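*Asks:* Quick note, the sequences are listed as chains P and G, same order.
So the first sequence is numbered by our numbering: it starts at 1 and just counts up by one.
So the second sequence is numbered by our numbering: it starts at 416 and just counts up by one.
In case anyone wonders, no lab produced these hints; they're calculated from the structure.
Predicted model, so just to flag it, every value in this text is computed and none were measured.
For glycine and all other residues, C-beta sits at the position ideal for the given N, C-alpha and C.
A few of these clues could be false.
As the list claims (entries may be wrong) - Where chain P lies over chain G, by a calculated footprint (3+ residues, C-beta under 8 angstroms):
no., stretch
1, 504-517
2, 528-536
3, 543-552
4, 615-626
To be verified - Stretches of chain P that chain G covers, calculated by requiring three or more beta carbons in the stretch to come under 8 angstroms of a beta carbon on chain G:
no., stretch
5, 168-175
6, 179-192
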Amino acid sequence: MPRLLEVTVYGESTPRDVVVGADDRTIDARGLVLLPSFVDLGCDPGFPGFPAREDLASLSASALSGGFGDLLTSPLVDPVVDTPEQVAAASRVGPGGVRLWPAGAVTRGLSGEELAEIGLMGAAGAAALSDGGRPIRDTVVLRNALEYARGFGLRVFLRPADADLDLLGVIHESGVAAELGMRGNPAAAEEIGIARIVALVRSTRATVHLTRVGTARGVAAVRAARAEGLPVTASTTARNLVLDESEHHLRPYDTRLRLHPPLRSPADRAALVAGVRDGTLLLTADHSPRAPEEKDLEFELSTPGSTGLESAFSAAFTALDGDIAAVVAAFCTGPRALLPERPGGCVLVDLQATHVVDAAVHRSRARNDALDGHRLRGQVRACFPEASIPWVGVLVSRDDSTPPHDPSGLREAPG
Amino acid sequence: MRGRKRKDLLGLRGVERAEIEEILDTAEQMREISRRKVKKVPTLRGRTVVTLFFENSTRTRTSFDLAAKRLSADTLGFAVSTSSTTKGETLMDTARTIFAMSPDAVVVRHACAGAAHLLARNFPWTVINAGDGINEHPSQALLDMLTMRDRLGSLEGRKVAIVGDVQHSRVARSNIFGLSTMGAKVRVAGPGTMCRADLAALPVEIRHTVDDVVGDADVIMMLRIQRERLGRAVLPSAREYAAFYGLDLDRLKRARPDVVVMHPGPINRGVEIAADVADGPNSVILDQVTNGIAVRMALLFLLLGHADLGSDDASAA
Numbered sequence: 001m002p003r004l005l006e007v008t009v010y011g012e013s014t015p016r017d018v019v020v021g022a023d024d025r026t027i028d029a030r031g032l033v034l035l036p037s038f039v040d041l042g043c044d045p046g047f048p049g050f051p052a053r054e055d056l057a058s059l060s061a062s063a064l065s066g067g068f069g070d071l072l073t074s075p076l077v078d079p080v081v082d083t084p085e086q087v088a089a090a091s092r093v094g095p096g097g098v099r100l101w102p103a104g105a106v107t108r109g110l111s112g113e114e115l116a117e118i119g120l121m122g123a124a125g126a127a128a129l130s131d132g133g134r135p136i137r138d139t140v141v142l143r144n145a146l147e148y149a150r151g152f153g154l155r156v157f158l159r160p161a162d163a164d165l166d167l168l169g170v171i172h173e174s175g176v177a178a179e180l181g182m183r184g185n186p187a188a189a190e191e192i193g194i195a196r197i198v199a200l201v202r203s204t205r206a207t208v209h210l211t212r213v214g215t216a217r218g219v220a221a222v223r224a225a226r227a228e229g230l231p232v233t234a235s236t237t238a239r240n241l242v243l244d245e246s247e248h249h250l251r252p253y254d255t256r257l258r259l260h261p262p263l264r265s266p267a268d269r270a271a272l273v274a275g276v277r278d279g280t281l282l283l284t285a286d287h288s289p290r291a292p293e294e295k296d297l298e299f300e301l302s303t304p305g306s307t308g309l310e311s312a313f314s315a316a317f318t319a320l321d322g323d324i325a326a327v328v329a330a331f332c333t334g335p336r337a338l339l340p341e342r343p344g345g346c347v348l349v350d351l352q353a354t355h356v357v358d359a360a361v362h363r364s365r366a367r368n369d370a371l372d373g374h375r376l377r378g379q380v381r382a383c384f385p386e387a388s389i390p391w392v393g394v395l396v397s398r399d400d401s402t403p404p405h406d407p408s409g410l411r412e413a414p415g
Numbered sequence: 416m417r418g419r420k421r422k423d424l425l426g427l428r429g430v431e432r433a434e435i436e437e438i439l440d441t442a443e444q445m446r447e448i449s450r451r452k453v454k455k456v457p458t459l460r461g462r463t464v465v466t467l468f469f470e471n472s473t474r475t476r477t478s479f480d481l482a483a484k485r486l487s488a489d490t491l492g493f494a495v496s497t498s499s500t501t502k503g504e505t506l507m508d509t510a511r512t513i514f515a516m517s518p519d520a521v522v523v524r525h526a527c528a529g530a531a532h533l534l535a536r537n538f539p540w541t542v543i544n545a546g547d548g549i550n551e552h553p554s555q556a557l558l559d560m561l562t563m564r565d566r567l568g569s570l571e572g573r574k575v576a577i578v579g580d581v582q583h584s585r586v587a588r589s590n591i592f593g594l595s596t597m598g599a600k601v602r603v604a605g606p607g608t609m610c611r612a613d614l615a616a617l618p619v620e621i622r623h624t625v626d627d628v629v630g631d632a633d634v635i636m637m638l639r640i641q642r643e644r645l646g647r648a649v650l651p652s653a654r655e656y657a658a659f660y661g662l663d664l665d666r667l668k669r670a671r672p673d674v675v676v677m678h679p680g681p682i683n684r685g686v687e688i689a690a691d692v693a694d695g696p697n698s699v700i701l702d703q704v705t706n707g708i709a710v711r712m713a714l715l716f717l718l719l720g721h722a723d724l725g726s727d728d729a730s731a732a
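The shape of chain G in the complex, shown without the other chains (with noise of 0.2 angstroms):
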């Protein structure tokens, strides 16, 4: 990444091994500066990071917000409802009017695929991409692979199981396209309506049943379920979901004892996962959040081309 100076992240696709490799082992660095009494180190002075978010967001935006601060980064939120834009302004002009306060970093999230690649492609800072539509979400998938190298070690060869919306979700397309370039081998399920043969262009095996995919997968990641989705021609009921496609404790049995859950959040509890299970052993959920600010710290030092980490009083790195 800093020998080539990439200037966006707008989703895995096409992004090279040995790259993702540098952002995750920059983020374990990155974790140990979180670990430190004074949680901040002076690499990002003077520069400032806008976080510009048309969906509703909670847990992304403080994220990266935090691991801005972290880095001494100003920071700046924006966030439009989607309601204003769709008769107001535009995303471009929104986008000018940022321009004119001189940001460093862009961090967006829109309803539309392509979105962060319209920014990138007409201003010259950097835009990372956490979320455009149902293309990608890249930083999720990152901090995804860092809780998974963290239990797994290596990612090669290893089973992932991914059970859901696969369809419309740009988690489950970031982490398709970054574990498969990692050696790993990714293995969707879900229902027709949210699985459908046009995945079979990407690097996964489809199945339809759950038991399919988890009983020799060294990672099953759950996918948030729409609320918006239920009871519609999609889906029938959150009561048939939980049947067919949720994990519960049963369900559990039949994976590998050790097997790692993982769910991006925000969790609906007896829908796609069972509350025993999102609370149970198996599970990685907080570990997720907490290296979300690890791997969010590393892009922005990556992307914004620091190489000094500094240190703070608490410890001399």
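Next up, chain P with everything else stripped away, as it sits in the complex (with noise of 0.2 angstroms):
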């Protein structure tokens, strides 16, 4: 069994030796602390379907390297999950204990027309379902989907954006993209994507996540909805704590920083982070590898997307300025709450560490961080997904509908 000689157990104060794997190793963990490891409620695995992306290897040794022992994967892959049989083929476990958890379509093909088969999805162990970002153009049938799910108890994770405005651009629509000569998409696109879904949810009362949530206002609208007592929850990324547009002026035509939707202001970025402070907000690493031959391209034409496993954690504790009590609530025990079983698993860190992102040593095959060259606080040393918690208290079970609110997660165990 691996031994952690004298790491200190988040939530406690003195350190200790803890044992929490099935290897002979034995890691002097002087000045470490020992954290549940993370879960990334957005990674779009990159197969099957795009063996220049990822596999089951790459994409297990690249959430190991960043701390990620839960990866709830996208049903954007080829072929699309969203039979019962894909979802099953999808139900994973890596290399190392990384654990996939497939979320199936909500439509068919992910074509926003007809319902995927909810029910038989969900039975062969969908953990969630989601349309892979894609919005769901008409409104009777995403209006539809939330009433069928509901049925299921399965959550509905989507990615709010008109689906009209959404095409629009290719930055966020600003004087940075006037100065640019590039396309701008307005942030009124995920503004009123917000306000659709929330209007749907009050009716159908269905448990929606929204996920890339990327606007000041798109952060109001959801504090407003929860405050309300809906059963919404919402992410944004951890680059998006990091980046905002005018990294675009730093780096222009930089294809690693092609995303969709597009980094949005300052301010927007600002309103981000106290939304995951407040815990209005939870991260995902938004994981999204893409090939050499999807970036190495004009702006306009390169796929949209950037890897995250590897940097998330740095990034969301840098731009949370060390404040690890809100990484640990916006990245295990928030996320850990939203999947059907709670899963277990450790990551050591190093809080003290800094380290430039060098996307040419990422495990990932992919090479595309937006984040490579940015000097992050705090670096990951090693993830035990399988390891039992060491805590002398126990991951409290939330309500899936009430915020998570309590920082650390932890709470004595009863007796």
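Since each chain comes alone in its own frame, lean on the hints to assemble the complex.
*Replies:* What follows is the structure in structure tokens.
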């Protein structure tokens, strides 16, 4: 069993020795902290169908390197995950014990037109439903999907966007786009998307998670919906706490910054940080591996997306200014509460280290990390996805519909 | 330019005033070559200039081609239809092919903003942006500024009105950057779908009626309306555009009598500009074409780094 010598267990004050896994290593963990391992609720696995992006081995290695033990995987792969058979096939445990929790499609073929076999996919192990970030254009279909999914107790992951405005532009519509001569995507696309979904949640009471929230008004709308008691949770990406549109000035036409939705304004970024701090937002790594041939192109023609697993923790820890409780709530306890079973797993981190993100040495097969070259605080040293949690306390399971307000998620075990 | 050894010209945003002045001054010298009987100097003999156009163009491509030939460079035209690139070779692969031909300069036009920057970042040769999406078209703005300077002397404090689809015009954007650097005041006007609020980030004043900008303008620059935008949700019709934003004689009467009327071409007569205005005494549209060759000669000369202009038999320069 790997032994961590003199590790500081998160939530405890005195270092101690902890056994976390199944091999014989002994790790000198003085000065390091043991946290619950991270969960990525927004993982594009890159396989099947895209061998140049990722496979199970490279994805698992990337996750372990970044401290992620559990990944909620997007159905937007080839073939898309819209049948119970596909769900069963996508439910995997990778090398090192990284667990893939498949989200099944909301609509057949992710086309936004007909409902996929939601009940059968749930029975086959779908951890949630998602159309892979594609907005469902037809509001009747969306409403039906929410009503139908509610009957099977499945949470629906939706990227809020007006389907038409969503197609406009390649970076945030603002003065930066005007200066760089790039077509803009308006913040209104997201604001309308959130308003529409919240209105339908209010009437259907379906459980919804909003993904890739990126605007200040979006955060405010989520906060208001949660204050109203609606069963809505939401997340933004860790990189969105570090990067905003001003990055385009520093690296004009750099396709690693081609993201969808685009990086918004500095004020939006500040609102996202505040949203994570007050528990309105959870975080995702939003891991989206892309092959070189998808990025070695004109900005507009390149495929949106950035890898994230290997920089997400440090990005969050840096942007949250070392507030480890907020990181744990946003990446560990909060996301765990949204999965059907509560995973275990631990990660060993060095909170004192700083490093410069270097995608060239990442374990992912892809090299498209938008944070490449950024100096960040905090570094993952090891990840033990299958370790039982060695806390004196236990992770408290929360009612899914209540806000993840407990910043630590850790309480003393009764008795 | 010679001192700093600029490798590429990708846009006028961020280009300093002294550099623009040097280009325009050099262009004036180049114009003299075009007036000689033998319109050719040996300056760029043995150098290769490639024109790489991913969008249809006759004027800009032939203008660069002639400019290079008047400096004795070898020229090679690559016209790649956009349809073939969407499924076939990428820009980078086309560029690698060209790289194998050892060019000294590549003049590129492409539908995507930043295409010229992509080439400039990845290849050692000089890149001249001849239009990248809606971003910039610097040689057009330079020839426009040369034309204005011919008529007005200094550009300092001059009022330039740009009318039309400013939002999607690389010509307008390069002019806005260049003119503001030269001390001119730029006002823009056009329908709301073509002059959105985010243009306020540029050094311009945004107005929504033509009469707001033409009244005291020294220069009125009319932009070409792309036919494919008509009848869509961007613009209702050609006649409505002409009625509110077109430059006809009535509207011209409200401008200064000596106002300079410009258009980057090709013209949609009767839409953005009336025929009698385009052909009238205020119009400098054909001067723009002549100056285009001179400006492009100047750019090739300065970027490819030769100080000797040479002379032909007919002149002792």
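*Asks:* Flag every earlier hint the structure violates by its number, smallest first.
*Replies:* none
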